[in-house]
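S.K.: Residue strings, one per chain:
Number of protein chains: 2
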Amino acid sequence: MQKEIPLTAVSSEKAVDPSNDKEFELYESKFKALADKKRLQIMNILTQKGSMCVCDLAPMMNMTQSKLSYHLKILWDANILTKETRGTWSYYDINTEEINHLLSHELCCIFKPSCC
Amino acid sequence: MQKEIPLTAVSSEKAVDPSNDKEFELYESKFKALADKKRLQIMNILTQKGSMCVCDLAPMMNMTQSKLSYHLKILWDANILTKETRGTWSYYDINTEEINHLLSHELCCIFKPSCC
DNA sequence: TGAATTGATCAAATTATCTTGATATATTAA
DNA sequence: TTAATATATCAAGATAATTTGATCAATTCA
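For the record, the sequence lines run as chains A and B.
Residue numbering for the first sequence is 0 to 115, as defined by numbering that gives the first Met the number 0.
Residue numbering for the second sequence is 0 to 115, as defined by numbering that gives the first Met the number 0.
Possibly wrong hints are sitting among the right ones.
It does not matter which identical chain is used: a pair holds within one copy or between any two.
Stated by the list, open to error - Each computed DSSO-like pair below joins lysine-lysine, with the alpha-carbon atoms no more than 30 Å apart:
(1) K72 <-> K36
(2) K48 <-> K21
(3) K66 <-> K36
(4) K82 <-> K111
(5) K31 <-> K72
(6) K31 <-> K111
For the record, the hints were derived by calculation from the structure and aren't laboratory data.
Take these sequences, add in the hints, and give me the full structure.
M.R.: Following this line, the structure appears as structure tokens:
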């Protein structure tokens, strides 16, 4: 039974192509952002209602401000949401371009404005 | 600052539509399966090489059998991989239909056989 | 100006996921 | 039939993600 050994010690035949490594890391982070029911609900609301500030989204999500900001940051960091600050308000919205790049047309219908 | 309260106590205006709840849970589980670099690498190898047994995949992934089986099960549970048992071997492969349903055409090129 | 609101962030507690080594069952090969 | 191989699964420990309540800075409103 083989133990894990450093990539450098593995023949080039056997090793996973390291050129894709950064790409996989990128998609890992994006799918991690999508891998949460609450965050999918946030996306769905923004898809239907459009740009929204935290204080309006919080009661719709039935979430405390702190928790909601935590989840919004994860989606924003993954470039799945855009954010626009006006005064003391932060308006978040779906980043349609990113969604289109990631998800199938079918899923776009759930998470992308004016798709279907 | 609003505390979280049970959905039943929230007006229908404010509450998240519960009819989508099961759907979001489903996608959550699928994106969770995708949200791991090692699992994306597994998918990429299967995309390129086609159906493969655990004992052939293990050295390519530079992973112990136990760990690899753990990750394969997660992908299989999410219906992202198919599994065919022949004797004592288990052959895993990409479930192209599911991948197409989830991911954009661009991503299919990375994770879907003969796409681009 | 002073009080209230908005939203980001922090630390601690909780919960979920991943890794590891061991074991068990089934099958194949000698 | 015995030994070796293939794979799944388990329990324990290690890591990572989430929740909670508090605090802070920057507005906005009265």
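S.K.: Taking the hints in turn, state whether each one holds.
M.R.: Here's how the hints hold up against the structure:
| no. | hint | verdict |
| --- | --- | --- |
| 1 | K72 <-> K36 | both (15 Å within a copy, 21 Å between copies) |
| 2 | K48 <-> K21 | between (35 Å within a copy, 21 Å between copies) |
| 3 | K66 <-> K36 | both (14 Å within a copy, 26 Å between copies) |
| 4 | K82 <-> K111 | within (16 Å within a copy, 33 Å between copies) |
| 5 | K31 <-> K72 | both (13 Å within a copy, 18 Å between copies) |
| 6 | K31 <-> K111 | both (18 Å within a copy, 20 Å between copies) |
Checked against the numbered hints above, the structure violates none of them.
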